[in-house]
Amino acid sequence: MNETLTKEMGVIEEKHPMENILRMDRIPHIWCPTCGIGIAVTSFAIALEKSKIPLDQVCVVSGIGCSGRVAGYVKLDSFHSTHGRAIPFATGLKLGNPKLKTVVFSGDGDIIGIGGNHFIHSARRNMDMLVLCINNFIYAMTGGQLAATTPLTANTSTSPYGNYETPFNLPYLADSCGAVYVARWTVLHVRRLANSITEALNKKGFSFIEIICPCSTIYARRNRLGSGLDLMKFYHDNSIIKHGANTKELDIGFQQKIIVGKFVDRERPTFLESLNDWNRKVFGDKFKEYGGPDDGD
Amino acid sequence: MKADPKRVLTGEHYLDGDHACAEGALAAGCTFIAGYPITPSTEVVERISERIPTVGGIFIQMEDELASMAAVVGASWSGAKALTVTSGPGFSLMMENIGLACMLEAPCVIINVQRGGPSTGLPTLTGQADMMQVRWGSHGDYEIIALSPNSPQECFFFTIKAFNLSEKYRVPAFVMTDECVGHMTEKVIIPEADKIELFQRRYTKLPPEEYLPFKPGPNLVPEMVKAGDGYRIHATGLTHDEKGYPVMNWEAQEKLVRRLVEKIRKNADDIVEYEEEETDDAEIVLLSYGISSRVAIPAIQKARAEGIKVGVLRLIVVWPFPEKRVYELSKKIKAFVVPEINYGQIVLEVERSVHGECDAILVPHGGGWVHNPEDIYRGIKEAVK
Ligand SMILES: Cc1ncc(C[n+]2csc(CCOP(=O)(O)OP(=O)(O)O)c2C)c(N)n1
Ligand code: SF4
Ligand SMILES: [Mg+2]
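Line by line, the protein sequences give chains A and B. Each residue of the first sequence is one higher than the one before, starting from 1 at the first, in my numbering. Each residue of the second sequence is one higher than the one before, starting from 298 at the first, in my numbering.
Hints may contain errors.
To be verified - Some chain A residues near chain B, calculated using beta-carbon distances under 8 Å:
1. Arg-26
2. Ser-81
3. Phe-89
Said to hold, decoys possible - Over the 10 Å line for every Cβ pair with chain A, so calculated as not near, a few chain B residues:
4. Phe-329
5. Met-359
6. Asp-361
7. Lys-502
8. Lys-523
9. His-531
10. Lys-563
11. Lys-628
12. Tyr-640
13. Asp-656
Said to hold, decoys possible - Derived pair list, reagent style BS3-like, types lysine-lysine, alpha-carbon separation capped at 30 Å:
14. Lys-15/A <-> Lys-540/B
15. Lys-492/B <-> Lys-288/A
16. Lys-621/B <-> Lys-52/A
17. Lys-299/B <-> Lys-288/A
18. Lys-286/A <-> Lys-299/B
19. Lys-99/A <-> Lys-257/A
20. Lys-286/A <-> Lys-629/B
21. Lys-75/A <-> Lys-628/B
22. Lys-540/B <-> Lys-52/A
23. Lys-629/B <-> Lys-552/B
24. Lys-75/A <-> Lys-560/B
25. Lys-484/B <-> Lys-281/A
26. Lys-99/A <-> Lys-629/B
27. Lys-99/A <-> Lys-512/B
28. Lys-552/B <-> Lys-299/B
29. Lys-631/B <-> Lys-621/B
30. Lys-99/A <-> Lys-563/B
31. Lys-99/A <-> Lys-204/A
32. Lys-50/A <-> Lys-540/B
33. Lys-540/B <-> Lys-286/A
34. Lys-563/B <-> Lys-628/B
35. Lys-52/A <-> Lys-204/A
36. Lys-288/A <-> Lys-629/B
In case anyone wonders, no lab produced these hints; they're calculated from the structure. Ideal placement from N, C-alpha and C gives every residue a C-beta, glycine not left out.
Generate coordinates for the entire structure from the input sequences, incorporating the hints supplied.
The following block contains the structure:
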């Protein structure tokens, strides 16, 4: 709004509610109108404020993709790494300085497709990080190719007659590999998602939240599902909240019901706890615990 | 800054090259090591995993070399001196994230104990055929620093040197050793900690409002911060401006790539290091690096006994290449003789640098073993013809 007009109308210029967490100097962002990624970022911002974690300690790491652009918009130490490697990059950050809180924010293709090996191993190790995975069922940034999450029969540019490959059930994968917190929400569930992120941020170890998200421009268009808004309506009508559901039963079929909720919340020693405890046992006083670069002695 | 005595195994030891690299890394203050087992480099991380609990730092065996290299870049940005170690196939897997390290200007060290290739090649036998891959194996244009030790003693010192150079120039630095040096056991003297000089990373003193993470300092190297310092920086593998924000146009590309390349090229005089012997009145100069520089000794002695004036230029730093010195020498000599365990890599750089002033004669070897000194002697004889 133009400044004189604002004054004349007596409008009070408020700060953007998320100014603390967004890089306002990078807005407008690159995401399409009615893309859901921005909503996931909003939930993340709300969760960060609620979690009370000092923001200077939080690092966000993304891989490559539309979802991978999140790191570029958050006013935190943020790293836009390589395709599929956000999890190992975050592993290095965390182990290089155990005081950091590491969050991986990226897409389904990035985290589960090309980066799947890192995902399963980090869950197994219970590496301290929160993984937020935007699942839009497709490789959006490259123009809509088949993903490891594309539902059976769905159309993509490299499955132009429909997908015949069985997709991953992400919560089941995370659960079976040892993640301590596993949830799934759609971006329609803004508050529930934010609460879930807050909860996961306050957990130690490997937490995973799958965020079902409309890709209006590519996935919706190719599959004639209408606009992003129509997809939100679909989520509204078709998501079923079922906390504690058996993760084996969370497959997502093409335009079928989507089960959401918190499925796993358990305790397990983290990678660093195990490393430190074991070495204390073996070496006693001789063990030199590593506390980060500023931990001079 | 001096090395920390608690990390330095001062004394006289008998170590193989791999173990000496491990001791060098610990002495250099390396606190993060990620690796994936691969012959003939595994002994480096084996020794580190044995020593690290009582020295301080973290070793993690990652799920593959892509992960190792990505983790090293992350650890570097959290303020750790970070290392990974590998050989041929693993080196190939690291390439994309080596490019990321260049783009994010993350100081880090990569040790490549070279073996015979291509592909799985000769896992347990030597090679020097990754010398071009180390330079430009990742896509795009960039410069790196690479050193080549020819003994376990040098493995120790060059690993420290690699850390110092990588911290100074914020660039990946490589220790390009090979199976022979990696597995040979020799006396290694580890000096006292206060005799080991370490370069301390330059962290900014500017407040967050004034700090630009990719604004070059006087030697074209930006001052760094580490994650968690409250600067809330953004770093991306996309082409970016001084703020670190992506900019998708040719002007930004020109500015960034040019600086990444020039921060090494323009500082080459500071980085380049070589050893020279009897080059004053030489007619032939044997230009060598790594294990081949030792194998050449009998050949040089035999030629000298026949009255041939053979000088030696032995590269300590291979990249950046000492092109100025090679050109100066080329004007006084008949030829450079270049033995390498490949079919012609560094010799190409010699040919380029002599600008037609003298010959560059390759003595190749396919790998799996070192040269027979007789072959190098024949190369010298051919050169004087
Ligand atoms: C090594 C590598 N291979 C391929 C690409 C091309 N690429 C960029 S983004 C992308 C897919 C991203 O998919 P996803 O993570 O689901 O993100 P989305 O765009 O759907 O949000 C691919 C294949 C790349 N950048 N790097
Ligand atoms: S292409 Fe799809 S995922 Fe990417 S910004 Fe547009 S709507 Fe979002
Ligand atoms: Mg996707």
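Right, here's what the structure says about each hint:
1. Arg-26: 6 Å, holds
2. Ser-81: 6 Å, holds
3. Phe-89: 4 Å, holds
4. Phe-329: 5 Å, violated
5. Met-359: Given a closest Cβ separation of 6 Å, the condition is violated.
6. Asp-361: Given a closest Cβ separation of 6 Å, the condition is violated.
7. Lys-502: Its Cβ never comes within 10 Å of chain A, the nearest being 16 Å, so this holds.
8. Lys-523: 6 Å, violated
9. His-531: 5 Å, violated
10. Lys-563: With a cut-off of 10 Å, Lys-563/B remains clear of chain A, as the shortest Cβ separation is near 28 Å.
11. Lys-628: 45 Å, holds
12. Tyr-640: Holds: least Cβ distance 31 Å, greater than 10 Å.
13. Asp-656: It holds; Asp-656/B is separated from chain A by about 43 Å at its closest Cβ, greater than 10 Å.
14. Lys-15/A <-> Lys-540/B: Within the cut-off at roughly 23 Å; holds.
15. Lys-492/B <-> Lys-288/A: It holds: about 24 Å lies between the C-alpha atoms, which stays within 30 Å.
16. Lys-621/B <-> Lys-52/A: It is violated: about 58 Å lies between the C-alpha atoms, which goes past 30 Å.
17. Lys-299/B <-> Lys-288/A: 20 Å, holds
18. Lys-286/A <-> Lys-299/B: 23 Å, holds
19. Lys-99/A <-> Lys-257/A: 40 Å, violated
20. Lys-286/A <-> Lys-629/B: Not OK: Lys-286/A and Lys-629/B at ~59 Å, beyond 30 Å, violated.
21. Lys-75/A <-> Lys-628/B: 57 Å, violated
22. Lys-540/B <-> Lys-52/A: OK: Lys-540/B and Lys-52/A at ~28 Å, within 30 Å.
23. Lys-629/B <-> Lys-552/B: 39 Å, violated
24. Lys-75/A <-> Lys-560/B: Distance ~29 Å between Lys-75/A and Lys-560/B Cα, so the pair holds.
25. Lys-484/B <-> Lys-281/A: 34 Å, violated
26. Lys-99/A <-> Lys-629/B: At roughly 59 Å apart (the allowed maximum being 30 Å), Lys-629/B and Lys-99/A break the hint.
27. Lys-99/A <-> Lys-512/B: 27 Å, holds
28. Lys-552/B <-> Lys-299/B: 36 Å, violated
29. Lys-631/B <-> Lys-621/B: 17 Å, holds
30. Lys-99/A <-> Lys-563/B: This hinted pair is violated, its Cα atoms lying about 38 Å apart.
31. Lys-99/A <-> Lys-204/A: Roughly 12 Å between the alpha carbons, so the hint for Lys-99/A and Lys-204/A holds.
32. Lys-50/A <-> Lys-540/B: 29 Å, holds
33. Lys-540/B <-> Lys-286/A: Distance of about 44 Å is beyond 30 Å: violated.
34. Lys-563/B <-> Lys-628/B: Distance of about 24 Å is within 30 Å: holds.
35. Lys-52/A <-> Lys-204/A: The given pair, whose Cα atoms are some 15 Å apart, holds under the 30 Å limit.
36. Lys-288/A <-> Lys-629/B: 57 Å, violated
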